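Participant: Below, each chain spelled out in residue letters.
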Amino acid sequence: MDLPIVTYNEEDYVKTSVGNLVYKRATLCGSQNIVLNGKCILQKDCVFRGDIAPIRIGKYVIIGEGSVIRPGSKVLQAAAAFVPVQILDHVFIEKDCVIMAAQIGMYCHIGADSIIGRNTCLKECCEVKPGSVVLPDSVFPPFSLIAGNPAKVVGCTAPARLT
Amino acid sequence: MTNTKELDVAPTAVVVTTATLEGKIKFGPGCIVHPTATIRATAGPIEFGPDNIIEELSVIENLSAETMRIGSQNLFEIGCVVHARSIGNNNAFGIKSTVGEGVIVTDGCSLGPKCNAGGQRTLEPRLCIYGGKNEEHVAFDAPPRNASQAEHLLMVLPRYHKTVKPKT
Numbered sequence: 001m002d003l004p005i006v007t008y009n010e011e012d013y014v015k016t017s018v019g020n021l022v023y024k025r026a027t028l029c030g031s032q033n034i035v036l037n038g039k040c041i042l043q044k045d046c047v048f049r050g051d052i053a054p055i056r057i058g059k060y061v062i063i064g065e066g067s068v069i070r071p072g073s074k075v076l077q078a079a080a081a082f083v084p085v086q087i088l089d090h091v092f093i094e095k096d097c098v099i100m101a102a103q104i105g106m107y108c109h110i111g112a113d114s115i116i117g118r119n120t121c122l123k124e125c126c127e128v129k130p131g132s133v134v135l136p137d138s139v140f141p142p143f144s145l146i147a148g149n150p151a152k153v154v155g156c157t158a159p160a161r162l163t
Numbered sequence: 164m165t166n167t168k169e170l171d172v173a174p175t176a177v178v179v180t181t182a183t184l185e186g187k188i189k190f191g192p193g194c195i196v197h198p199t200a201t202i203r204a205t206a207g208p209i210e211f212g213p214d215n216i217i218e219e220l221s222v223i224e225n226l227s228a229e230t231m232r233i234g235s236q237n238l239f240e241i242g243c244v245v246h247a248r249s250i251g252n253n254n255a256f257g258i259k260s261t262v263g264e265g266v267i268v269t270d271g272c273s274l275g276p277k278c279n280a281g282g283q284r285t286l287e288p289r290l291c292i293y294g295g296k297n298e299e300h301v302a303f304d305a306p307p308r309n310a311s312q313a314e315h316l317l318m319v320l321p322r323y324h325k326t327v328k329p330k331t
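First to last, the sequence lines map onto chains D and L.
In terms of the numbering used here, the first sequence opens at residue 1 and continues consecutively.
In terms of the numbering used here, the second sequence opens at residue 164 and continues consecutively.
A portion of the hints provided could be inaccurate.
Said to hold, decoys possible - Estimated spans, in silico, between C-beta atoms of each pair:
#	chain 1	residue 1	chain 2	residue 2	range
1	L	Ser227	D	Val18	48 to 58 Å
2	L	Gly207	D	Cys156	18 to 28 Å
3	L	Pro307	D	Arg56	34 to 44 Å
4	D	Gly148	L	Gly207	38 to 48 Å
Because the hints were derived from the structure by calculation, they are not lab data.
The structure displayed is predicted, hence computed values, not measured ones.
Backbone N, C-alpha and C define an ideal beta-carbon position, used for all residues, glycine too.
Please model the entire structure based on the sequences and the hints provided.
Facilitator: So this is what it looks like as structure tokens:
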């Protein structure tokens with residue numbers, strides 16, 4: 001999708017050498033465990049919990065205002081482990097989302113105010129409608145259009161001529 | 164952001180200084196407060212029992228003059244807004260759920276993501292509120308315990324964050 005041009009105040013953002021644009025007062029915990037692969041935009045008030053488990057973010061990812069990227073816990077036999085969050089390239093996460101997914105595939109679009117539960121896996125080109133609640137441990141196939149609380153596949157995001 | 168004079172933090176609790184803590188709050192042993200959590204003892208004090216976990220962006224506020232007593236082993240997930248009069252043990256408040264001022268939460272209740280509990284009511288033990296339409300159902304078991312998650316957080320959080328020192 002084509003995003004509108006957004007103007008920002010240069011003083012509020014830090015531009016890293018790789019081209020990432022990070023809001024100065026975003027909450028980045030455990031920044032040594034957070035990897036941004038380049039040309040990412042982390043907008044106002046977003047919260048990254050790299051202290052709990054590593055967070056790997058691909059290129060050209062936009063994390064909207066107030067979104068929380070936080071590793072979820074997985075109960076294994078002996079103890080709980082926190083699953084790293086991997087967000088691949090070109091993902092657009094709108095504002096106020098809570099992302100606890102294990103993996104979000106390339107070109108996904110997460111609508112505003114959605115909740116992506118822990119250990120979920122959204123494959124490539126999925127679109128999550130605003131306000132959806134994706135339940136923990138779910139896996140969605142590529143090109144899913146996901147909506148609802150609890151979230152279900154309601155359509156296909158592939159262009160019509162392919163289906 | 165934190166006025167530590169009115170905080171009573173037990174020695175084994177991990178309360179990060181980047182959380183917003185206002186007013187008279189007491190934390191029992193093993194409590195974990197994540198960064199960006201907001202706990203406001205606005206009109207009256209708040210007392211937490213042992214082993215509670217309060218996650219990011221959650222808001223726990225006491226709007227009444229009486230002490231808001233919160234039991235043990237409760238999990239306040241990301242973004243929840245809780246104004247309940249009192250909370251028992253082993254409850255789980257899901258992501259972005261809200262609990263209104265007149266609600267008394269007993270033991271073992273769980274609210275799903277974006278669920279609401281409002282009005283003047285007492286949530287019976289092991290009540291689950293779930294789904295987009297706030298359906299209710301009394302479960303057989305309480306929500307799973309936080310112990311394993313807490314163990315990892317108690318170890319990891321102090322390494323990355325400054326925590327509020329307990330009063331000696």
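Participant: Next step is simple, just say for each hint if it's right about the structure.
Facilitator: Status of the hints after comparison with the structure:
Remark: the range hint 48 to 58 Å for Ser227 (chain L) to Val18 (chain D) is upheld by a beta-carbon distance near 51 Å. Range check, Gly207 (chain L) to Cys156 (chain D): Cβ separation about 53 Å, and the 18 to 28 Å hint is violated. Between Pro307 (chain L) and Arg56 (chain D) the beta carbons are some 28 Å apart, a value that contradicts the proposed interval 34 to 44 Å. Distance hint check: the CB atoms of Gly148 (chain D) and Gly207 (chain L) are about 39 Å apart, consistent with the given range 38 to 48 Å.
In summary, the numbered hints that this structure violates are 2, 3.
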